[in-house]
Amino acid sequence: MDIQTWTWILVGLTFSLYIGIAIWSKASSTGDFYVAGKGVHPIANGLATAADWMSAASFISMAGIISFSGYDGSVYLMGWTGGYVLLALLLAPYLRKFGKFTVPDFIGDRYYSNKARVVAVFCALIVSFTYVAGQMQGVGIVFSRFLEVNITTGVIIGMVIVLFYAVLGGMKGITYTQVAQYCVLIFAFMVPAIFISIQMTGNPIPQLGFGAAGSDGVYLLDKLDGLHRDLGFHEYTSGSKSKIDVFAITAALMLGTAGLPHVIVRFFTVKKVSDARKSAGWALLFIAVLYTTAPAIALFARTNLIETVSNQNYADMPEWFTKWETTGLINFNDKNGDGVIQYVADANKNELEVNRDIMVLANPEIANLPNWVIALVAAGGLAAALSTAAGLLLVISSSVSHDIIKKIINPNISDKGELLAARLSAVVGVCIAGYFGINPPGFVAAVVALAFGLAAASFFPAIVLGIFNKKMNRAGAVTGMVIGILLMLFYMLKFKFGVFDGGKSAVASLKSDWWFGISPEGFGVVAMIVNFIVSITISKFTTPPPIEVQQLVDNIRNPSGAGVATH
Amino acid sequence: MSEKSQKEYWNENLKYLAILLSIWFLVSFVFGILLVDQLNTIKIAGFKLGFWFAQQGAIYVFVILIFVYIQLMNKLDKKYNLDK
Chain B
1 MDIQTWTWIL VGLTFSLYIG IAIWSKASST GDFYVAGKGV HPIANGLATA ADWMSAASFI
61 SMAGIISFSG YDGSVYLMGW TGGYVLLALL LAPYLRKFGK FTVPDFIGDR YYSNKARVVA
121 VFCALIVSFT YVAGQMQGVG IVFSRFLEVN ITTGVIIGMV IVLFYAVLGG MKGITYTQVA
181 QYCVLIFAFM VPAIFISIQM TGNPIPQLGF GAAGSDGVYL LDKLDGLHRD LGFHEYTSGS
241 KSKIDVFAIT AALMLGTAGL PHVIVRFFTV KKVSDARKSA GWALLFIAVL YTTAPAIALF
301 ARTNLIETVS NQNYADMPEW FTKWETTGLI NFNDKNGDGV IQYVADANKN ELEVNRDIMV
361 LANPEIANLP NWVIALVAAG GLAAALSTAA GLLLVISSSV SHDIIKKIIN PNISDKGELL
421 AARLSAVVGV CIAGYFGINP PGFVAAVVAL AFGLAAASFF PAIVLGIFNK KMNRAGAVTG
481 MVIGILLMLF YMLKFKFGVF DGGKSAVASL KSDWWFGISP EGFGVVAMIV NFIVSITISK
541 FTTPPPIEVQ QLVDNIRNPS GAGVATH
Chain V
568 MSEKSQKEYW NENLKYLAIL LSIWFLVSFV FGILLVDQLN TIKIAGFKLG FWFAQQGAIY
628 VFVILIFVYI QLMNKLDKKY NLDK
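Chains as they are written, first to last, in my numbering: chain B, 1 to 567; chain V, 568 to 651.
Hints are not guaranteed to be accurate.
Ranges between beta-carbon positions, derived for each pair [stated by the list, open to error]: (1) 590(V) - 328(B): 54 to 60 Å; (2) 588(V) - 555(B): 21 to 27 Å; (3) 508(B) - 573(V): 53 to 59 Å; (4) 205(B) - 588(V): 26 to 32 Å; (5) 584(V) - 8(B): 48 to 54 Å; (6) 590(V) - 316(B): 50 to 56 Å; (7) 573(V) - 502(B): 56 to 62 Å; (8) 646(V) - 231(B): 58 to 64 Å; (9) 490(B) - 631(V): 38 to 44 Å; (10) 605(V) - 517(B): 20 to 26 Å; (11) 511(B) - 578(V): 45 to 51 Å; (12) 597(V) - 554(B): 34 to 40 Å.
Think about it this way: if two alpha-carbon atoms lie no more than 25 Å apart in a straight line, the pair counts; the simulated PhoX-like pairs of lysine-lysine are [claimed, not checked]: (13) 571(V) - 470(B); (14) 646(V) - 271(B); (15) 582(V) - 471(B); (16) 470(B) - 574(V); (17) 574(V) - 97(B); (18) 582(V) - 470(B); (19) 642(V) - 97(B); (20) 272(B) - 642(V); (21) 271(B) - 645(V).
Selected chain B positions facing chain V (Cβ under 7 Å, derived; list incomplete) [said to hold, decoys possible]: (22) 71; (23) 77; (24) 85; (25) 88; (26) 89; (27) 212; (28) 246; (29) 247; (30) 284; (31) 471; (32) 560.
Don't read these hints as lab results, they were simulated from the structure. By construction, the Cβ of each residue, glycine as well, lies at the ideal position given by its N, Cα and C atoms.
The whole structure should be built from the sequences, with the hints applied where relevant.
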């Protein structure tokens with residue numbers, strides 16, 4: 001069977017599975033809709049969290065980014081896993097004990113202020129919308145590349161599926177579809193990795209093949225370092241970024257991960273505090289399977305690519321090369337007209353441009369794997385994008401129906417009315433996300449990376465101080481959050497978009513002005529430190545929080561008796 | 568639960584956090600970033616050690632840290648009778 005048929009079969013099967021689960025797990029109350037009735041088993045929640053977390057970018061782009069940046073790519077590997085240690089140790093158990101539905105709930109109650117709640121809702125919406133647009137775009141890309149439908153049709157199919165199970169099932173439906181999606185995506189990621197690891201090193205475990213030798217007896221990493229040196233690239237195992245920037249970006253990604261509302265809210269769905277800790281452990285274990293495999297794929301793919309194309313005749317290129325050339329993801333420009341591909345670091349002599357997404361999407365073809373494996377990658381990419389999109393949509397809909405409508409505009413709304421509002425806001429959310437998926441604003445990719453900085457600069461200190469500093473009060477936390485996020489926005493506008501210096505073209509020349517040599521992607525950590533300092537200083541000079549709030553803090557520090565969620 | 572035992576429970580918790588987070592910092596920021604060049608002079612199989620920590624080792628340690636934390640806290644909860 002050809003790739004197209006296989007892809008339709010696998011995508012059709014997985015989609016029917018998701019819809020079946022949605023019908024089986026329909027939500028009947030707001031408790032079901034927001035937090036799956038708080039009855040999810042910790043391992044199931046770990047699986048769901050892993051799928052929720054691993055987005056289209058983790059699945060499709062991350063291995064490619066590492067492939068092209070070598071050691072510098074480590075910031076994503078450490079940053080997007082290390083955040084779970086912070087989540088498990090500093091946030092998840094306490095937020096579960098607090099026992100409400102959303103992150104703005106915690107901020108609003110802990111800082112006894114609807115203003116704080118509104119600031120938190122605003123931050124949650126910005127972070128979630130930028131992120132979800134990227135997912136829908138990912139769905140469109142997978143559809144258009146594998147099934148040859150146009151991007152718009154692809155995004156609409158994705159929207160309908162997400163709409164169906166997110167609107168019908170809420171968190172309950174999302175949780176169990178995410179469990180299924182994790183299984184699909186990890187299978188789709190591991191099968192090609194294992195095949196290629198065997199091909200290149202004879203070792204079926206990619207994590208070990210990573211450090212093994214090829215058939216010529218040379219360690220793959222040494223060989224690739226050598227190839228890189230010959231072609232003028234920086235060595236694969238050493239970086240080109242400054243140490244302080246690598247440090248700052250890693251920290252910002254970790255702290256941002258721990259502050260992302262769609263991840264935090266997953267820990268509200270388990271029965272008790274000890275389950276919240278356990279599911280963080282399982283989640284990271286399941287995530288680590290993909291995250292420790294990705295750098296191995298990156299190495300295999302990079303070596304394969306260079307060996308296949310470098311200094312070879314263009315006419316001798318295999319079939320996949322021409323196929324991906326027609327999609328524009330590979331670009332060959334024979335500058336010196338010798339018919340041979342020169343792939344080198346020097347931009348004036350380099351003749352080949354390769355899109356990083358190819359490293360995962362075309363990897364099975366490059367390694368000559370069977371058609372069903374290639375089709376599997378499409379189903380996996382869709383699972384990764386849809387699971388993350390659904391989790392984000394839930395945050396968007398609960399921010400609107402619970403935090404704004406129920407808590408601020410109309411506290412008397414009935415449970416049924418709130419559930420309807422939640423469903424309607426999910427529908428609106430899907431439509432907006434779909435719109436951005438079809439007409440992606442150029443800044444999406446840039447902003448997704450910065451969403452972590454924003455989350456680190458705003459939520460992380462407010463939540464951590466809310467738990468670990470009993471005397472932290474409204475004035476301190478709100479000022480800290482506002483200053484943190486404004487500082488981050490300012491830095492981003494100045495150094496990422498060049499707003500104050502004449503637009504995008506000015507960005508490159510501003511690099512030498514970076515504060516402490518830290519890029520906008522890493523600046524979240526600086527804004528976060530400022531947030532901490534401002535919050536603590538102000539709280540020292542203003543009235544301490546009321547006694548009920550201090551009792552609330554004592555209560556969330558005590559793991560026993562986490563009951564059913566209340567409004 | 569008395570105020571005193573609540574305080575003791577909390578302090579033990581904070582002690583665990585300090586130890587576990589120091590290890591978290593050590594394997595990622597120190598081994599994977601600050602000392603990466605020094606560690607890269609050591610080679611184990613095909614891996615330079617600093618590079619290995621940055622792309623593999625740190626992640627394994629993170630997973631272990633959380634499971635150790637789960638064990639420690641379950642024991643602590645039991646000791647203070649908070650596991651209900």
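So, as I understand it, the hint says residue 212(B) touches chain V; can you test that by seeing if any CB pair is closer than 7 Å? holds (6 Å)
If I claimed the Cβ atoms of residue 646(V) and residue 231(B) lie 58 to 64 Å apart, would that claim hold in this structure? Between residue 646(V) and residue 231(B), where Cβ atoms are some 60 Å apart, the hint holds.
Do the numbers back the hint for residue 77(B), that is, is its least Cβ distance to chain V under 7 Å? holds (6 Å)
Given the hinted pair residue 271(B) and residue 645(V), is their Cα-Cα distance within 25 Å? holds (18 Å)
Given residue 284(B) as an interface hint, is its Cβ closer than 7 Å to any Cβ of chain V? holds (5 Å)
Should the hint that residue 85(B) touches chain V count as held when the rule is a Cβ pair under 7 Å? Given a least distance of 5 Å, the restraint on residue 85(B) holds.
Check the hint pairing residue 642(V) with residue 97(B) against an upper bound of 25 Å on the C-alpha distance. holds (18 Å)
Given pair status - residue 470(B), residue 582(V), alpha carbons within 25 Å: Roughly 18 Å between the alpha carbons, so the hint for residue 582(V) and residue 470(B) holds.
May I ask you to test the hint 45 to 51 Å on the CB atoms belonging to residue 511(B) and residue 578(V)? Roughly 46 Å apart at Cβ, these two residues keep to the hinted range, so it holds.
Pair hint outcome, residue 646(V) versus residue 271(B) [Cα-Cα no greater than 25 Å]: At roughly 21 Å apart (the allowed maximum being 25 Å), residue 271(B) and residue 646(V) satisfy the hint.
Regarding residue 597(V) and residue 554(B), is the given constraint of 34 to 40 Å on their beta-carbon distance met? holds (35 Å)
Could you grab the alpha-carbon distance between residue 272(B) and residue 642(V) and see if it respects the 25 Å cut-off? holds (16 Å)
Hints 1, 31 from the earlier list are contradicted by this structure; the remaining hints agree with it.
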